[in-house]
Amino acid sequence: MKRINWSIWLPMLAIILLTIEVLMEFVISDQASWSRFLSSIKETNPNGWLIIPAMIISGIIIGALRISKHKFGRRVSVATGLIFIGFSLFFITRMTLFYYGLNESLNYFTAKEDIKNGKIRFYTYGQMHYSSEKEYYAIDSLEKSYGYEVIDAGGGTPGLEIYNDVIEDYLTKIHGKNWRDGFNRKIDSIYKSSNSSQRKIDN
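Okay, so the sequence shown: first residue is 44 according to our numbering, each after it adds one.
With a straight-line cut-off of 20 Å between C-alpha atoms, the simulated EDC-like cross-links for lysine to aspartate or glutamate are:
hint	residue 1	residue 2
1	Lys235	Glu176
2	Lys187	Asp208
3	Lys229	Glu192
4	Lys155	Glu204
5	Lys229	Glu186
6	Lys235	Glu186
7	Lys159	Glu204
Here are the computed distance ranges between Cβ atoms for each label pair:
hint	residue 1	residue 2	range
8	Phe133	Ser236	51 to 59 Å
9	Asp183	Asp208	16 to 24 Å
10	Ile105	Gly169	46 to 54 Å
11	Thr215	Leu108	56 to 64 Å
12	Ile194	Thr62	34 to 42 Å
13	Met171	Ile103	53 to 61 Å
14	Asp208	Leu108	47 to 55 Å
15	Leu145	Asp183	28 to 36 Å
16	Asn221	Asp183	17 to 25 Å
17	Phe133	Tyr173	44 to 52 Å
18	Gly219	Asn160	18 to 26 Å
19	Leu132	Thr215	33 to 41 Å
20	Ile59	Tyr179	51 to 59 Å
If you are wondering where the hints come from, they were derived from the structure by calculation, not from laboratory data. For each residue, glycine too, the CB sits at the ideal point set by N, CA and C.
Using the sequences and the accompanying hints, generate a full structural model.
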């Protein structure tokens, strides 16, 4: 069986992982477009690019240590490849944790678990204003009639947004594709009714 030439395959794997890392950063961007992507490369702080020659130099230094009997060029190739692979895996893992909110209490998986346990809820942030107690209870009752409740989370996070997206998809499967249209019409009706009652009180 032919032996694997790691001095070739490791650098190739490093290039593939670096490409995946760059594409992931592009895909999860809120303004994902090729023009935006190319623009962001041009706007990158020049000091940020120093990491690449720094990793190459580190590979050369490690290769010079003669920790194996292979030729210098092969040792450098393997060491540099491993450094780039480690760098890429670190950032891919970090971006994955950030995108899916896996390091937060609210994320894709906790949403699935809550759905499984019948706890259907949206988490919001920011102050909610109601013109009256009657309006609050009317909206709360409407939300519960659609099978969910709303909880104030205090602040927004990537995990919270993903959690809410999973809940939204679940409710769409339950109530149909355009369920939000009907829901919003009922909300508007509550607001109009509340404003009408408020005008009568003011008069």
